[in-house]
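S.K.: Residues per chain are reported as follows:
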Amino acid sequence: MKIIRKIHKTIGILPIFIMGVFAILALFGDLLCPYDPNAQNLMKVIDPMSTSHLLGTDHLGRDLLSRTIAGAQTTIKAVVVIILFAASFGMTVGLIAGFMGGWIDEILMRIVEFGLSVPSLVVALGVIGVFGTGYWNMVFAITIAWYPIYARLTRGVVISVMHQPYIESLRVLGASRLRIVLKHIFPEALGAIMIYASFDAGILALVIANLSFLGLGVQPPMSEWGQMLVTALPYLEHSPRQVIVPGVSLTIMVIGFNILGERIALSNNPKPLKDKIFQKRRKLFRLKNQEI
Amino acid sequence: MKSKSVKTKTLLSIEDLSVTLYTDKVTVCPVNTVNYTVESGKVLAIVGESGSGKTVMNMAPLGLLPQGVTADVEGSVLFEGKNLLSMNETEKQRIRGGEIGVIFQDPLSSLNPVRRIGPQISEVIELHLGLSTSAAQKQAVDMLNLVGIPNPESRMKQYPHELSGGMRQRVCIAMSIAGEPKLLIADEPTTALDVTVQAQIVSLLKDLQKRLNMSIVLITHDIGVVSGMADYLAVMYAGRLIEIGTVEKVLLESMHPYTWGLLDSVSTLSTPIGMPFQGIKGNPPNLTLNIKGCPFVPRCDYSIDDCNEGRPLLTNCDDREIGHSTACTVANKKNLRYSAVSKI
Amino acid sequence: MKRFLIRRVISAIFLMFIASIFSFLLINAFPGDIAPLIAELRGGYVTQDIVDQVAEEYGLNDPVVERYFRWLSDVSNGNLGYSFRTGEEVSVELKNRLVPTLTFIGLGGLLSIVIAVTLSFCGAYWPGGFIDKFTRGFALINISIPKFFMAAMLIYFFGVILDLVPTFGFRGPSSWILPAVTIALVSGSKQSRLARVKLEETMTRPYVLTAMSKGFGRERILFRDALPNIVPIVITSFGMDLGFMAQAAIIVEPIFSWHGIGAYFVQSVRYRDLAVLQSCLLIFSIIFINVNLLVDIIVMLVNPLQRRPKVI
Numbered sequence: 000m001k002i003i004r005k006i007h008k009t010i011g012i013l014p015i016f017i018m019g020v021f022a023i024l025a026l027f028g029d030l031l032c033p034y035d036p037n038a039q040n041l042m043k044v045i046d047p048m049s050t051s052h053l054l055g056t057d058h059l060g061r062d063l064l065s066r067t068i069a070g071a072q073t074t075i076k077a078v079v080v081i082i083l084f085a086a087s088f089g090m091t092v093g094l095i096a097g098f099m100g101g102w103i104d105e106i107l108m109r110i111v112e113f114g115l116s117v118p119s120l121v122v123a124l125g126v127i128g129v130f131g132t133g134y135w136n137m138v139f140a141i142t143i144a145w146y147p148i149y150a151r152l153t154r155g156v157v158i159s160v161m162h163q164p165y166i167e168s169l170r171v172l173g174a175s176r177l178r179i180v181l182k183h184i185f186p187e188a189l190g191a192i193m194i195y196a197s198f199d200a201g202i203l204a205l206v207i208a209n210l211s212f213l214g215l216g217v218q219p220p221m222s223e224w225g226q227m228l229v230t231a232l233p234y235l236e237h238s239p240r241q242v243i244v245p246g247v248s249l250t251i252m253v254i255g256f257n258i259l260g261e262r263i264a265l266s267n268n269p270k271p272l273k274d275k276i277f278q279k280r281r282k283l284f285r286l287k288n289q290e291i
Numbered sequence: 000m001k002s003k004s005v006k007t008k009t010l011l012s013i014e015d016l017s018v019t020l021y022t023d024k025v026t027v028c029p030v031n032t033v034n035y036t037v038e039s040g041k042v043l044a045i046v047g048e049s050g051s052g053k054t055v056m057n058m059a060p061l062g063l064l065p066q067g068v069t070a071d072v073e074g075s076v077l078f079e080g081k082n083l084l085s086m087n088e089t090e091k092q093r094i095r096g097g098e099i100g101v102i103f104q105d106p107l108s109s110l111n112p113v114r115r116i117g118p119q120i121s122e123v124i125e126l127h128l129g130l131s132t133s134a135a136q137k138q139a140v141d142m143l144n145l146v147g148i149p150n151p152e153s154r155m156k157q158y159p160h161e162l163s164g165g166m167r168q169r170v171c172i173a174m175s176i177a178g179e180p181k182l183l184i185a186d187e188p189t190t191a192l193d194v195t196v197q198a199q200i201v202s203l204l205k206d207l208q209k210r211l212n213m214s215i216v217l218i219t220h221d222i223g224v225v226s227g228m229a230d231y232l233a234v235m236y237a238g239r240l241i242e243i244g245t246v247e248k249v250l251l252e253s254m255h256p257y258t259w260g261l262l263d264s265v266s267t268l269s270t271p272i273g274m275p276f277q278g279i280k281g282n283p284p285n286l287t288l289n290i291k292g293c294p295f296v297p298r299c300d301y302s303i304d305d306c307n308e309g310r311p312l313l314t315n316c317d318d319r320e321i322g323h324s325t326a327c328t329v330a331n332k333k334n335l336r337y338s339a340v341s342k343i
Numbered sequence: 000m001k002r003f004l005i006r007r008v009i010s011a012i013f014l015m016f017i018a019s020i021f022s023f024l025l026i027n028a029f030p031g032d033i034a035p036l037i038a039e040l041r042g043g044y045v046t047q048d049i050v051d052q053v054a055e056e057y058g059l060n061d062p063v064v065e066r067y068f069r070w071l072s073d074v075s076n077g078n079l080g081y082s083f084r085t086g087e088e089v090s091v092e093l094k095n096r097l098v099p100t101l102t103f104i105g106l107g108g109l110l111s112i113v114i115a116v117t118l119s120f121c122g123a124y125w126p127g128g129f130i131d132k133f134t135r136g137f138a139l140i141n142i143s144i145p146k147f148f149m150a151a152m153l154i155y156f157f158g159v160i161l162d163l164v165p166t167f168g169f170r171g172p173s174s175w176i177l178p179a180v181t182i183a184l185v186s187g188s189k190q191s192r193l194a195r196v197k198l199e200e201t202m203t204r205p206y207v208l209t210a211m212s213k214g215f216g217r218e219r220i221l222f223r224d225a226l227p228n229i230v231p232i233v234i235t236s237f238g239m240d241l242g243f244m245a246q247a248a249i250i251v252e253p254i255f256s257w258h259g260i261g262a263y264f265v266q267s268v269r270y271r272d273l274a275v276l277q278s279c280l281l282i283f284s285i286i287f288i289n290v291n292l293l294v295d296i297i298v299m300l301v302n303p304l305q306r307r308p309k310v311i
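Chains as they are written, first to last, in numbering that gives the first Met the number 0: chain A, 0 to 291; chain B, 0 to 343; chain C, 0 to 311.
Careful, some of the hints might be misleading.
Unchecked claim - If you only want the chain A side, here are some residues facing chain B, beta carbon under 8 Å, derived:
| # | residue |
| --- | --- |
| 1 | ARG281 |
| 2 | LYS282 |
| 3 | PHE284 |
Said to hold, decoys possible - Keeping only pairs whose Cα atoms sit at most 30 Å apart, straight-line, the calculated DSSO-like set for lysine-lysine is:
| # | chain 1 | residue 1 | chain 2 | residue 2 |
| --- | --- | --- | --- | --- |
| 4 | B | LYS156 | C | LYS197 |
| 5 | A | LYS282 | B | LYS81 |
| 6 | A | LYS279 | C | LYS132 |
| 7 | C | LYS132 | B | LYS24 |
| 8 | B | LYS41 | B | LYS8 |
| 9 | A | LYS282 | B | LYS24 |
| 10 | A | LYS76 | C | LYS189 |
| 11 | B | LYS91 | A | LYS279 |
| 12 | A | LYS279 | B | LYS291 |
| 13 | B | LYS91 | A | LYS282 |
| 14 | B | LYS91 | C | LYS197 |
| 15 | B | LYS291 | A | LYS282 |
| 16 | B | LYS156 | C | LYS1 |
| 17 | B | LYS181 | B | LYS91 |
| 18 | B | LYS8 | B | LYS205 |
| 19 | B | LYS24 | C | LYS197 |
| 20 | C | LYS132 | B | LYS91 |
| 21 | B | LYS24 | A | LYS279 |
| 22 | C | LYS132 | A | LYS282 |
Claimed, not checked - Which stretches of chain C does chain A cover? Using the computed rule of at least three CB atoms under 8 Å from a CB of chain A, they are:
| # | region |
| --- | --- |
| 23 | 215-226 |
| 24 | 284-291 |
Calculated directly from the structure, the hints in this document are not laboratory data.
For every residue, glycine included, the Cβ atom is placed at its ideal position computed from N, Cα and C.
Using the sequences plus the hints, can you model the full thing?
M.R.: Following this line, the structure appears as structure tokens:
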């Protein structure tokens, strides 16, 4: 209970709530879908919202609610996988560059700098253009576009930690270089990465959706919100619901990630007092003084 | 600049002023029922350790506390008869700069680094004296002359970081008097400067004060500056005013053990070489806690049991005339006298 | 200052080099794939002979380094090759498609500045107040909405239901509105969040207290004292965002059926038209690198803090 209290104090209940919902969707989505997301039923094309189909059906008769849940799963899993890959690779590069220094550092960082100066979508598209479309191609492409920021972040942390006097004393005491890296530098870097990843996730979800929207990311029949939206575009006039549902879902997910990231980043700033608390304090203070 | 009348009248009257600050971690009372007055044309110096509340006491009634601080200000602060605490924001804005000027401690951070010096001064003149932009600019040049800056025309176009520390403080002084205020609050104006420059600034302030017949409230913890400039001296400790009187009275015939400690800790040219620095034993009190009785008791060599009962009030301790009060239970009982002459 | 400039320019040139290597390697590191691809795109049967023929034609059997320099010299002569799919000259096509994309970025950029300034100032005037909360929430939603969804919704409401503006095709100012608004809302909101935070930070600085002690009100202090202090940061951020707006063109142009460079890029990826893809990658990279360079230079020039103190 104490942990929950502490979390509530630092980042508030809202992002936890949203994250919780998505986590449940990601893990148990399969069980929650009332219908098979890929089951077409051409007799029930573009059905309005009803008790049997809470969000109606799409242009191929598939239950929209199930597709939405499946889409959530796809996005969340993709985000997690990409962050894992990109962060691992990026951290490795950053650790090597920061720790080794010298020309290894220079070369690695030039490559990273280039990766940073070109926006992620362009890089990802380039890679997909060469290797083709598909789920894992997309993951690979985005990972390549994503790792530079983690590399630079890690390298920054590594360098600032290495300048601390205690590292030198560790060397003197006989710690091997590997040990220093693993036990002392790595945890610091990991902390910084986690903070960054929390608000990076929102942008990542959008990139995945953008790629799928262009038809170059997640391919049908796999459900993904961007892809669902683009296939529904021709039906915008007749059935805007088909477009609105994935769009709104995506927006809510990104808002959730953004709030989470923001709250984590700002949790260390002092906050001005809210009115109610101020009044309470005032009364307390007066009472205390009157005793004396 | 017009010269003001020479009659001695009360410009600023502070009665039972208390300031309580609320942050998200603690509640502090840095100003605890303070009373004093400032007469027109006179200089009142306020001394005390860091954290004794001297800055807050002067900034709070003007509404000049840092952002994000929630404060409760009680009591009455009468400026020319009108209570500052009951004024709305517009009236306060008219007073700030136009009737009461402020000089802050660090001249570098007090000036806007991306604006030139000229506009930072002339805008005050435009606002409070109603002059046109070009007329205000001319007057700003005059002000720079007045504070002793050479080549004022070319200085007007420069940025703060292009000036030396002493110059910057002169510019700040020019800004604060540009609106022709009757009262100047100088918050540790010399603390951030080199020692040689300090003397120049002090003499500049003295000169300006005489010429413009302004009142000055000089906040400082440097007693040397006090003796050079002030007419009256007030000593603050733990948010309370513990001694106030004319400079001669307080420096030479102080009646409060804290003031004795302060004066003792000042080294002069005649202090024997090799003599260790004198400090006051103990530490300043924690203002987040409520203190019963006199706050100085833990550090005082002269305290008696009575000192813990009830807070000592400022009482007049001069038989002959009103010019010296102190808030010490012991002093008010036994009338201890102290002479700095014998120490020198 | 000059030294910094020189270093920065050299860095930019170096980065452009890397960009060219990346663009080239990405496409040409797998020669085995390209020849069959080209053959396919040309239509007709794909036999090993044809593949070999194609390989010879494009010099795909030469060593990589040689091909790189050959390509580099071609590019510097303005020859970007020919589209595998349509056979058109890439450089000509790119020139034709420049106008729509530039219109999009330019108009979108201007609008986003307006939106950013409005949102951030409204919020900073009464920090913590109702307007502040509202503008911040509005900005948060805007940056979370996927651009294509925002475009779709704008099309739906203003184009279909209200039928105010044309919704597709690059034809005249009225068709510029929706795409520009789409990107301006997203980008402007992003900038406004940064500006808002920096404004609030600036308002806690000592010189703001000084300005208050001179008798000025919050509004005036915001404009006269706080704003000039955040200009360098905001310009940098905005400049970087210009690059992202070019990326947004990739998504938004297809939705509105504009024939811009973004749409061209997407097409090349879809059809694996590697010649076009290569050139597009190169062009985009060069644009970004140079925009960043330009922004850095402008910031340096504009910032008075960079001046050296005169001899007193």
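S.K.: Please verify whether LYS91/B and LYS282/A have alpha carbons no more than 30 Å apart.
M.R.: It holds: about 28 Å lies between the C-alpha atoms, which stays within 30 Å.
S.K.: Just to be careful: measuring from the Cβ of LYS282/A to every Cβ in chain B, is the smallest value less than 8 Å?
M.R.: Violated: closest Cβ of chain B sits about 11 Å from LYS282/A, beyond 8 Å.
S.K.: Tell me whether the statement that chain A covers the region 284-291 of chain C is true, taking a Cβ distance below 8 Å and needing three residues at minimum.
M.R.: holds (count 4)
S.K.: Given the proposed pairing of LYS156/B with LYS197/C, does the C-alpha separation stay at or below 30 Å?
M.R.: This hinted pair holds, its Cα atoms lying about 27 Å apart.
S.K.: Under the criterion that the straight-line Cα-Cα distance not exceed 30 Å, is the pair LYS156/B, LYS1/C satisfied?
M.R.: holds (24 Å)
S.K.: Tell me if the interface restraint on PHE284/A is satisfied: Cβ within less than 8 Å of some Cβ in chain B.
M.R.: holds (5 Å)
S.K.: Quick one, are LYS41/B and LYS8/B close enough, alpha carbons at most 30 Å?
M.R.: Holds, at about 10 Å.
S.K.: The hint names ARG281/A as touching chain B; please verify it with the least Cβ-Cβ distance against 8 Å.
M.R.: Status holds, d = 7 Å.
S.K.: Please work out if LYS132/C and LYS282/A have their alpha carbons no farther apart than 30 Å.
M.R.: Cα-Cα ~28 Å, so holds.
S.K.: Holds or violated: LYS279/A and LYS132/C, Cα atoms, limit 30 Å.
M.R.: holds (24 Å)
S.K.: Taken at face value, is the distance from the CA of LYS291/B to the CA of LYS279/A at most 30 Å?
M.R.: Satisfied, since the Cα-Cα distance of roughly 23 Å is no more than 30 Å.
S.K.: If you look at each residue in the region 215-226 of chain C, do at least three have a Cβ nearer than 8 Å to any Cβ of chain A?
M.R.: Violated: only 0 residues of the region 215-226 of chain C have a Cβ under 8 Å from chain A.
In this structure, the hints that do not hold are numbers 2 and 23, in rising order.
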